[in-house]
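Protein chains: 2
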Amino acid sequence: MTKKKIEIAQMLNILLAVSLLLLILKFGKNPTNKMEQDTTNTLEIIHQRKSVRNFTPQEVKKEQLQTLIKAAMAAPTAVNKQPWAFIAIKDRDILDRLGEKLPYAKMLKKVNAAIVVCGDLNKTLEDWEQEFWIQDCSAASQNILLAAEAIGLGAVWTAAYPAKDRMQTVSEILGLPESIIPLNVIPVGYPKGVEKPKDKWKPENLHWEQW
Amino acid sequence: MTKKKIEIAQMLNILLAVSLLLLILKFGKNPTNKMEQDTTNTLEIIHQRKSVRNFTPQEVKKEQLQTLIKAAMAAPTAVNKQPWAFIAIKDRDILDRLGEKLPYAKMLKKVNAAIVVCGDLNKTLEDWEQEFWIQDCSAASQNILLAAEAIGLGAVWTAAYPAKDRMQTVSEILGLPESIIPLNVIPVGYPKGVEKPKDKWKPENLHWEQW
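Chains as they are written, first to last, in numbering that gives the first Met the number 0: chain A, 0 to 210; chain B, 0 to 210.
Bound conformation, chain A alone:
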């Protein structure tokens, strides 16, 4: 082997080492490490989300419910009032009692977790602006549904507000003060895989520039 060939081999070595280093620097910080289990991107999750009403018996953990509620609290609120409170439920008896009395949330009897999203009237804006809590808590609820889909869980938004009887039922069973208004009850569990996302894209609902 000539001296020239050895020099070329050495340069090739250096070139390869630098390439390797650059690749590690670029891709080594694996983004999925940051958020355990969440390997899918946002637009996909938005379109994959479906209302899940059929669940396997697999247990939902407290940490998972907390992940969903942290996502909820990342929603925007009018004048940053954060006029909300969240009840995370894993207690079998409470889930059963809610499922027994709520006509559109019977699946609570077969799921092992739920989240109730509430407005807190002590934290809202005043007068006519009070009702912004409904929009704020709805945005937070959507975050819960998307976060659930993202970590492999399924969920469904069952309404309480403004149905007086359902609000009364939830308030009684959860011991809510008068200032705390339940917007919905969201059963959360591992999906059986029955439900598929609906394609609700309708071009006629999109108007350009004006009506």
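Hints listed in this document are in silico derivations from the structure and should not be mistaken for laboratory results. Bear in mind the structure is a predicted one, so any value in this text is a computation, not a measurement. Where hints are given, some of them may not hold.
Because identical chains share one entry, a pair is satisfied inside a single copy or across any pair of copies.
With a straight-line cut-off of 30 Å between C-alpha atoms, the simulated DSBU-like cross-links for lysine-lysine are [said to hold, decoys possible]: (1) 201 - 60; (2) 61 - 2; (3) 100 - 122; (4) 199 - 61; (5) 201 - 89; (6) 109 - 197; (7) 4 - 163; (8) 122 - 201; (9) 49 - 199; (10) 61 - 109.
Add chain B to chain A, keeping to what the hints say.
Below, chain B without anything else, positioned relative to chain A:
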């Protein structure tokens, strides 16, 4: 240089080449191919979303606005009524007129796109259930904000409903029929990078099992 040293250098070369190949195989299949531009996962995007009020002059394309509105229409609605309509605006004159008259949406004069999320009262449930459109359209709005963050855009939810004067302004400028109620106006553009996400996680807003 001895023969041994040359052999070591050659082995090193082979080792480096194989490592490089493995790295390329592992990370080369970029998951962003599935959804153009969307490189981040859902929980990250939920927490990274911020209200963006400062934009660069870079043009937002019609296709991008359509991506956001497709995401909006993937939100759940009560009894699947989809009681909504979306106005996508790029017209300079319309954006300026809205920005001139809406006190909390002055940034419309400096952005080159916006989306108005509306309730369609012809498509709602009846009686007291009519107002579910507010929750449905709020969930859709949250999808718009998250989808914007996901594709590198910035947006901010500026309220119209239930502010009578702002609703009137939007309806007049966009020529909305009486049955179409503007919930908000969402300016959309490339963020200047001024705004950072707020950490709104407050453990005291999370209750376990009951109040």
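Results of checking the hints against the structure:
1. 201 - 60: This pair counts as between: shortest inter-copy Cα distance 20 Å, intra-copy 38 Å.
2. 61 - 2: neither (65 Å within a copy, 61 Å between copies)
3. 100 - 122: both (29 Å within a copy, 29 Å between copies)
4. 199 - 61: between (33 Å within a copy, 20 Å between copies)
5. 201 - 89: between (38 Å within a copy, 20 Å between copies)
6. 109 - 197: within (24 Å within a copy, 36 Å between copies)
7. 4 - 163: neither (83 Å within a copy, 82 Å between copies)
8. 122 - 201: between (37 Å within a copy, 14 Å between copies)
9. 49 - 199: both (11 Å within a copy, 27 Å between copies)
10. 61 - 109: within (18 Å within a copy, 45 Å between copies)
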